[in-house]
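S.K.: Sequence:
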Amino acid sequence: MKRIIAVLASVVLAAAAAGCGGGAGGGRGNRLSIATGGTTGVYYVYGGGLAKQLSTGIADTQATASVTSASVENIKLLATGKADIGFSQSDTAADAVNGTGTFTAKQPVKAIARIYDNYAHVVVAPGVKAEKVADLKGRRVSLGPPNSGTQVVARRMLEAVGLAPDTDVSKQQLSINESVQAVKDGTIDAFFWVGGLPTAGIVDLATSRPEMRMLDTSDALAAMRAKYGQEYVGLDVDLSVYKLKGTIKTVGVANVLLVPDSMNEQLAYDVTRVLYERKAQLAAVHPEANKLDPRLGQQTAPVQLHPGAARYYKEKG
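In mature numbering (1 follows the signal peptide of the UniProt record, and there is no 0), the protein residues as written are -17 to -1, 1 to 300.
Just so you know, the hints here were simulated from the structure itself, not pulled from any lab data. Just so you know, not all the hints are guaranteed correct.
Simulated pairs of lysine-lysine, DSSO-like, Cα-Cα distance not exceeding 27 Å [to be verified]:
1) K228 <-> K115
2) K228 <-> K210
3) K232 <-> K112
Label-pair restraints from in silico Cβ distances [as the list claims (entries may be wrong)]:
4) K89 <-> D118: 18 to 28 Å
5) A206 <-> G229: 18 to 28 Å
6) T230 <-> T190: 18 to 28 Å
7) T83 <-> T150: 16 to 26 Å
8) G217 <-> E142: 12 to 22 Å
9) A266 <-> G145: 39 to 49 Å
10) K167 <-> L222: 42 to 52 Å
11) G300 <-> D149: 23 to 33 Å
As the structure is a prediction and not an experimental result, all values here were calculated from the model. All C-beta atoms, glycine included, are put in the ideal place defined by N, C-alpha and C.
Please build the complete structure, drawing on both the sequences and the hints.
M.R.: This is how it looks when you write it as structure tokens:
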């Protein structure tokens, strides 16, 4: 954890010095802004590592990672030219390219890679009696911050078990950092988080509050797939990643790395190249990068691959 914190500190300093991006046009002197997520989530850690590797792996390029609310906000930043690379859950990305869900029009984004899977975490505060998601009725629950992929999944999961997100729970909209602190303070009973393993904020909570629990959410999967399609899959969480005991089943969703569809083809190619060439360095920052695999990486449907990324995959067979 100390190593991760040190990496994050260096990324924040770099971001403050360099400012935001403007690399969508390619050419020399690229300044790339990477839209990530909250500071104790995997997107931010991974994005910080990626920023460092892009800065050293592409000539005349300075990349920085920025804190965001994650998936929905990241796509909006890409579409408006305020970010050049963004992390997103595939369900949110599917909504974006189809102009559905929280998006009122199709968003101009393309994919670089499918990178790893997110796991739905439903964290219950110590002393709260709940064994399944439906037991959260009437409880104080954070659904994740506005414009986040976490909130998309949380709302869909509550609906899948027969709860109305706006009326059947006392809804709050907190970031992962704020949710962890709220559990410590006793001001919420549970929170949703959708992220990779391990998520630093939940490691912190489990260390200080080992009585916390995570719910099995597998009973929501069938209804979510029936309504929203095959983006959602069943995954197992070995709780030892949080120094807890046991295994639970939960809902999973893939993550994709997105760029504006206007990004220069050679720049998109180079971003894709660095992503895979620097896999070992990225995995040293967060273990989810060990899952980088070109064969899986090009499976980004319904989001189309950027032509530059497609060229990279074709060259690598």
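S.K.: Against each hint, give a clear statement of whether it holds in the structure.
M.R.: Here's how the hints hold up against the structure:
1. K228 <-> K115: holds, 17 Å
2. K228 <-> K210: Cα-Cα ~33 Å, so violated.
3. K232 <-> K112: holds, 19 Å
4. K89 <-> D118: 18 to 28 Å: Given a distance of about 38 Å, which is not inside 18 to 28 Å, the answer is violated.
5. A206 <-> G229: 18 to 28 Å: holds, 25 Å
6. T230 <-> T190: 18 to 28 Å: Holds, since T230 and T190 (Cβ atoms, about 20 Å apart) stay within the stated range.
7. T83 <-> T150: 16 to 26 Å: holds, 23 Å
8. G217 <-> E142: 12 to 22 Å: For E142 against G217, whose Cβ atoms are near 18 Å apart, the range 12 to 22 Å holds.
9. A266 <-> G145: 39 to 49 Å: holds, 40 Å
10. K167 <-> L222: 42 to 52 Å: violated, 19 Å
11. G300 <-> D149: 23 to 33 Å: violated, 49 Å
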